[in-house]
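Number of protein chains: 2
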Amino acid sequence: MTHDCSFLEDLDLADEQLSFADGRRESHAADWGTEHNDGDGVVPDAVVWPESTDDVSAVLAAAQDRGVPVTPYAAGTGLEGNAVPAHGGISLDLTRMDDVVDYRPEDFQIDVGPGIIGSDVDEYVASDGLFFPPLPSSGDISTIGGMIATDASGMQTVRYGEIADWVLGLEAVLADGTVIETGSRAIKTSSGYNLTDLLVGSEGTLAVVTEATLELAGRPEQIRGGRAIFETLDDAAEAVFDAVRTDVGVAKIELVDGLSATMANEYLGSELPDAPMVFLEFHANHGVDEEIELCRTIFENHDVVRFEMSDDDSEMDDLWQARRELAYAVASYDPDLEPLHPGDVTVPISSYPEMVHETKRLADESDLLVPCFGHAGDGNLHYSVLVDPDDPEQVERGEELYRTLVDLAIELGGTATGEHGIGQGKQAYLEPEHGAGAVEAMRTIKRALDPSDTLNPGKIFPETADGERIRDPEQ
Amino acid sequence: MTHDCSFLEDLDLADEQLSFADGRRESHAADWGTEHNDGDGVVPDAVVWPESTDDVSAVLAAAQDRGVPVTPYAAGTGLEGNAVPAHGGISLDLTRMDDVVDYRPEDFQIDVGPGIIGSDVDEYVASDGLFFPPLPSSGDISTIGGMIATDASGMQTVRYGEIADWVLGLEAVLADGTVIETGSRAIKTSSGYNLTDLLVGSEGTLAVVTEATLELAGRPEQIRGGRAIFETLDDAAEAVFDAVRTDVGVAKIELVDGLSATMANEYLGSELPDAPMVFLEFHANHGVDEEIELCRTIFENHDVVRFEMSDDDSEMDDLWQARRELAYAVASYDPDLEPLHPGDVTVPISSYPEMVHETKRLADESDLLVPCFGHAGDGNLHYSVLVDPDDPEQVERGEELYRTLVDLAIELGGTATGEHGIGQGKQAYLEPEHGAGAVEAMRTIKRALDPSDTLNPGKIFPETADGERIRDPEQ
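Just so you know, the protein sequences line up as chains L and H, in that order.
Residues in the first sequence are numbered from 1 upward in steps of one, following full-length UniProt numbering.
Residues in the second sequence are numbered from 1 upward in steps of one, following full-length UniProt numbering.
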């Protein structure tokens, strides 16, 4: 489906803010998940690079008048097709709106454009001893706007929470071009509806965020990092649950299964055992050693084989190397295999051992390679179901395993997507997770705020009747 | 305006679940703020005590069909008329839905009915070393449902956040009787719109909460409490700002001005100086003494006169006595004087010294007694503008001062209501705080989810054109 976007030339945009060129449009057709989701992406009819809130407002108002879809885009690091222009139209590339608009270190607050890279926020505030805690692992590539769109989170969420917990307010543009401000600079407010948290995680389907007021945290005085190695994955998962239940003061607690460890060892040429590992980082102002000892005791109760911790930056880096390089290790393990649908599920922490155990059991049963890792302290599990894309039977087996795992997470009281949003990839799971009533309430809000379905149409809500569709961008 | 509510007799409700008696109806006409807001309340046409989600659903569906308003009610401890049935109709008293439905200590989670008293949650989980941190000062009287309705918060918010930060999910009934579930038992989710945080703080205007999944925290190992006395209020406010900016690990940091101290001394017969005070509580697992010393040093830089801290429960109680009894002290200070519009404003912490200073300056200028206190670490200030209700000129002077203070808070980047909601009392400030666009977006959501305006009509949104109305329940 193509849309006539020539009206964009009549708007007050500089030449370099608008392109109809094939190359520019094609570079906005996909995200990181597209290839693995067996898709080619969808090429937008035009790309616009707004440089101000007024630009965004003008594009939206004009597009809505003409029934042309607008899909916000930035780094393109989403995994669920969140920024893919499913119905064509305009890709609204916000990467040039990357300014620090205001910085108030005395209030632990910073106002930024949506296009700023996450780690740039960290660097900007570092000299004041501050940091932005909820950055995802892709924080040095992904933008704050993208993180807000999917309510992203990451390794430090176990201690510091998710993006939503650190967004105090937003400036955003509604589908008709109206600019609104949400939230407050006060750290709490009970005035009116919480539009901020409604927009966070709404994947650009309700409004386009043009500025965000973020909270910052003070850097902890004590940071220690390291690694624990276990004999079995069950031991490792139980140890994580026990540590979280005991309220050990970890800031990161990452599980990596034995298969992932094998892949990392092969990739890095390292000589670690091909065994399940837990990577840890402790943050505290006082008593970090006591917390580490408490954690060691708990881990020993679960037969930890090795427990290594350091307060030296370079040693910590070494201990964490396998975790850090894991994505590359998995990707390069076997050139004939590709992961199906990268993403995550998240379950209540008490169900984490069962989720992990069942994942491996089902993977064995399916006779497929499924390296697993995750922000375990949140109950988060990333799985890569590896299949030979040229073997349709194997692909179908992988698809079935993938569906079974997501269904299991929901059954255990968890969520189909802890940190990557619904996008296109997880639409089939929206209603099983939330129930028909809640999904209809979400649709009601979408229809009310964006009656012409201008903003990122085809996302979050399944469009087909049978609800079985995992991904069908042509729909 | 009265509504024929006889249809309630046809619903499947026991006799003791429904009353048309004057006494029962009159006891649901007001909240804690009504008298001080110079109102008589509004008597509902009927009171219903639902005992199940099905009861709530049946009442709402039937009421919506007949155009009868339904206003949720529980402890009646709101300050802004939040639970007053502004347009009559049904008062839906949720106090009998006070069960602990499920308790999962291993996940730090509890599912409760909306009618449960806050401190009952604390007691229920105490033996597992857990507690519910964001309880307001009225936590031993107020219900969880009421706290959710106004996104309440309290003394420990400076460390632990507000109610919204501790609600993982809700069961709620929409205006047409549809039961929905929101959120997840996983501690994070990015699946679909965040309906949970939209409903928290919506004051029963979008749905009636029938069950809440709350997060719990582990009790800290170290608790110390005490009091600091300052020479001037400016010193005290600056000291609080400096402590918060330095990230001192306080769990409570309460400011009390000299006038409040005078009233407390008089009420208690205590011999403390009539001077500004800061009440403190520190929570930590390690290093609490270091944090206290850091705080002492900061306070000494602001000329603290006395700094007393204890780890003994009964000594802590003694040190906190003036703060604990403050509300009673203010209320009984002068029988001829009454506070206008109790409530709060909250500003960014860097603006707190200015907010406090200006409040006292304007009070002096108005020649009125205005005792002030607040959860200072949040930038929160409660003021009581005391006036002789029989002196219209004084009342008008008081009203003007009140409006000036709320306007000032908004001007300083803060909020008209940090923890008590908009209700009827703060409607005039909704648009000045959020702007016309955001308020219209809120109205759009209200109209979409409750098209017949069944749920708590006349709240949050001003109904008069001029926006000047502070309170007009007859409208």
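Misleading hints may appear alongside valid ones.
What the hints assert, rightly or not - Output of the computed footprint for chain H on chain L, the stretches with three or more beta carbons under 8 Å from beta carbons of chain H: (1) 81 to 89; (2) 145 to 159; (3) 245 to 254; (4) 316 to 322; (5) 342 to 353; (6) 389 to 398; (7) 418 to 426.
Just so you know, the hints here were simulated from the structure itself, not pulled from any lab data.
Glycine included, every Cβ here is placed at the ideal spot set by N, Cα and C.
Quiz item: Going back to the hint list, which numbers does this structure go against?
Solution: Those not satisfied are hints 1, 4 and 6.
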